[in-house]
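Using the hints, position chain A against chain X.
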Amino acid sequence: QLQLQQWGAGLLKPSETLSLTCAVYSGSFSDYYWSWIRQPPGKGLEWVGEINHVGSTYYNASLKSRLTISVDTSKSQFSLKLNSVTAADTAVYYCARTRVVRTFDSWGQGTLVTVSS
Amino acid sequence: DIQMTQSPSTLSASVGDRVTITCRASQNINSWLAWYQQKPGKAPNLLISKVSGLESGVPSRFSGSGSGTEFTLTISNLQPDDFASYYCQQYKSYPWTFGQGTKVE
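Line by line, the protein sequences give chains X and A.
Under this note's numbering, the residue at position 30 of the first sequence is numbered 15, and the numbers go up by one with no gaps.
To convert, count from 1 in the second sequence and add 159; that's this note's numbering.
Next comes chain X alone, as it looks inside the complex:
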């Protein structure tokens, strides 16, 4: 049974770096892309970026200058780092398995990240 389990700090101060990791249990890691998607409280979904097993990335241009997504294939894990956070980055962050056609068919449990001074 495929499971995505994510973790990371939930409370940050402005200008700090958001850091999350998602571990993939069961299923193929190399046959898919792996994405981060966020959802501000009470709002809609925003795709943040994606990576594949060889480290090829694509980022949402709105975040690109602050964003790094990396992969550790040996552990079936991928990570998100977003630096210089502001209150606008407050959201639930989800990791998601991404099919080649770019639909998201399995999701992590979500991590609420709050940016507040």
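Treat the hints with care, since some could be wrong.
A few chain A residues that face chain X, going by a derived Cβ cut-off under 7 Å, partial list only [as the list claims (entries may be wrong)]:
#  : residue
1  : N189
2  : A193
3  : A202
4  : L205
5  : Y246
6  : Y250
7  : Y253
8  : P254
9  : W255
10 : F257
11 : Q259
12 : G260
Straight-line Cα separation of at most 27 Å, DSSO-like style, residue types lysine-lysine; simulated pairs [to be verified]:
#  : chain 1 : residue 1 : chain 2 : residue 2
13 : X       : K28       : A       : K262
14 : A       : K201      : X       : K66
15 : A       : K198      : A       : K262
If you are wondering where the hints come from, they were derived from the structure by calculation, not from laboratory data.
Everything numeric in this text was worked out from a predicted model, so none of it was measured.
No residue lacks a Cβ here, since even glycine has one placed at the ideal position from N, Cα and C.
Leaving out everything else, chain A in the frame of chain X:
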């Protein structure tokens, strides 16, 4: 970026109703359109891909249609478990974008 616009934002319905949610794309996305269901406090769940392809385990009361720029999600015979928010998503081009959501209450 391709903008996805859903209507209505909120939909009031009753068990047994047939409900329809519309999603419009700001440009032609062919059939690269998916629908997700999200319940409070939970991650979204993929219901439909490529406009009308039901994912495994999704009840047949869910159906999708459309092409180009206008798409619909229909739930026939609404069940208590269907009260949730629904999002469309285009996967024609980067960045992958979602509609703002429709809450069925």
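Hint check against the structure, violated hint numbers in rising order: 1
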